[in-house]
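Following the hints, put chain B in place on chain A, whose structure we already have.
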Amino acid sequence: MSDPIRPIATDPLDFLETDHLLSERERLLRDTVRRFVADRILPEVADWFDAGTFPKELAKEMGALGLFGMHLEGYGCAGTSATEYGLACTELEYGDSGVRSFVSVQGSLAMFPIWAFGSEEHKQQWLPRMAAGEAIGCFGLTEPDAGSDPGSMRTHARRDGPDWILNGTKMWITNGSIADVAVVWAQTDDGVRGFVVPTDTPGFSASDVHGKLSLRASVTSELVLDDVRLPGDAVLPDVVGLKGPLSCLNEARFGILFGAVGAGRACYEAALTYAEERTQFGRPIASFQLTQRKLVEMMVALQRAMLVALHLGRKRDAGTLSAQQVSFGKLDNVRQALEVARSARSVLGANGITLEYPVIRHMNNLESVYTYEGTNEIHTLVLGEAITGVSAFS
Amino acid sequence: MKIAVCAKQIPDPATPYELDPEHHWIVRPDDQILDDTDRYGVEIGLQLAEASEGSVTLFSMSPAGNLQGIRQALAMGADKAVIVSDPALKGSDALVTAKVLARAIQQEGFDLVIAGTESTDGSAGVLPQQLSELLEVPALTFAKAVEHDGDTIRIHRQTPDGYDEVEATLPAVLTVTAGVVEPRYPTFKGIMQAKQKPVEQLTAADLGFDATEVGAAGSAQYVRSVTPVPARQAGEIVEDDGEAYRKILEVLEQAKVV
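Protein sequences, first through last, are from chains A and B.
For the first sequence, the numbering used here begins at 89 and goes up steadily by one.
For the second sequence, the numbering used here begins at 70 and goes up steadily by one.
In case anyone wonders, no lab produced these hints; they're calculated from the structure.
Predicted model, so just to flag it, every value in this text is computed and none were measured.
Note that beta-carbon positions come from the ideal geometry of N, C-alpha and C, so glycine has one too.
Careful: at least some of the hints might be erroneous.
To be verified - Pair by pair, the computed Cβ-Cβ distance ranges are:
| id | chain 1 | residue 1 | chain 2 | residue 2 | range |
| --- | --- | --- | --- | --- | --- |
| 1 | B | Gly-231 | A | Ala-438 | 23 to 33 Å |
| 2 | A | Leu-109 | B | Gly-277 | 34 to 44 Å |
| 3 | B | Thr-189 | A | Ile-475 | 52 to 62 Å |
| 4 | B | Gln-262 | A | Leu-109 | 21 to 31 Å |
| 5 | B | Lys-149 | A | Ala-220 | 19 to 29 Å |
| 6 | B | Pro-299 | A | Ala-152 | 37 to 47 Å |
| 7 | B | Asp-310 | A | Arg-366 | 28 to 38 Å |
| 8 | B | Ser-294 | A | Glu-364 | 44 to 54 Å |
| 9 | B | Thr-296 | A | Asn-439 | 35 to 45 Å |
| 10 | B | Ala-286 | A | Gly-407 | 23 to 33 Å |
Same shape as in the complex, but just chain A:
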């Protein structure tokens, strides 16, 4: 028989001791990102959020660390495991979903398609500089009238002699106006193709979306392509059709399902500390049953989400992860994190609505994360099709 169950537990921040599921290298990498976030993100992120800015100069520091395209091989990328990439996303999003979005877009949405589908020239020209944070990338798929249904995109590319001419509008593009290069997806006579577009190409312009109340420490833009002339070799040679951009989104979703756990953890930690310190009716509010219930639900949800993330990470590293399983993780982990944030907000009472605490910033951010990279509804229908064999949307 195995040893008896120990009578006591344990760490409120790692109740199930999931830390022991990580290798020494994974923990070292995780701790490094945690320290970076504590030093460089947490002291200022509330101000960035308040001012609606993202400090572009952070890109080089992040590049020096090795955050961009970290799980890609070669071209100046660090070549970590997918699980390690996920753990880095958790720590970044503990800082802010906007900061994690910056890294996701650079690595998974801009570098990944160049790395996976680009020509050798594309890779040589862009990947080392992007890995170092010297060049910033963005990803143009979504349009004002084509969100969940990217196949209905209107942006198109036509041949003009050896060149391509691109026209169209892309919307909700993270990093759009600060990017040096855009990976733009457009209809062609052969189907959807990807194009590597330097943002100083005549006819390319980007303007920022204002009035956002979510992901404020992140740049969101509209891209306009007005007769943008590109050389024939600007097209990504190795992919045709929507599977190109959708494979990039799977990459990004993988980072998100880890990242959301970090945002949730920040809210839970804030609520736990607050509940222990805040006194009402002569005792800490942590002693009240209704508050304890909230804290326990948060802890349970986050531990479960971390176990899901780690399981999917291990599957990814073993080469056995499916896109539908990524949908499972994105759907549930983001939903859980958002619930944790809302519940944490209520524990903090009125203090929960200010930027003095991280909670409402995360809560508002997670509303975007809930929707982007496949809405909760779309991921539900992906899972619905997977378990019934019947598609609800095609």
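Okay, now just chain B, sitting in the frame of chain A:
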């Protein structure tokens, strides 16, 4: 320049230390982290090595455990590590530790030995000076700035009033105070490579010590008893009626701080 950096693996200070009740030795788990104060020594070592095309070797004496703390310093960029790990060393006092490290460092060869001013877990604060005596080289202590020029090492030595300029000819021992530089983060590439970097593990016998010379048996110093820090007393609150400053001055004078 061949640089030796003393790097200690300690239990994570975020969790309370466990002392064994009989000897009051710190119970060392497998998971130990790099002593935060050693990150500054590693950083200074790396900077000097980069400027002189030199190398940085880490020296440590503790149960090896899973080497997590040492790997952290290797991931920052140190070239290799020598760790003396032996059950016979358990209970060694500072002087025995210095003797063991000195012999390991001597065996490897060095131009400069860098250490923090004191460890976070033991806080004896005497080991670097002992090393300098045992290695028969000068000790430059409490450096807040370091310059290296050929065979000369020059530092600003932190004092209560400012700093002294001190210089010595290599080889030497140098201690750096925490906060003198911004230690670099381990890069992901560094983390990926850290596992491949050489970590030499030595026993006391490998360094020519017999069991009676090291550990508790070889140590003159032992901890007789340990007393927890008394709980903090509640402070005194002075209501300001316009004259509160007098009361505060009085308290400060009594405490002999003004």
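**Message:** When the structure is checked against the list of hints, which entries are broken? Sort them ascending.
**Reply:** 1, 8, 10
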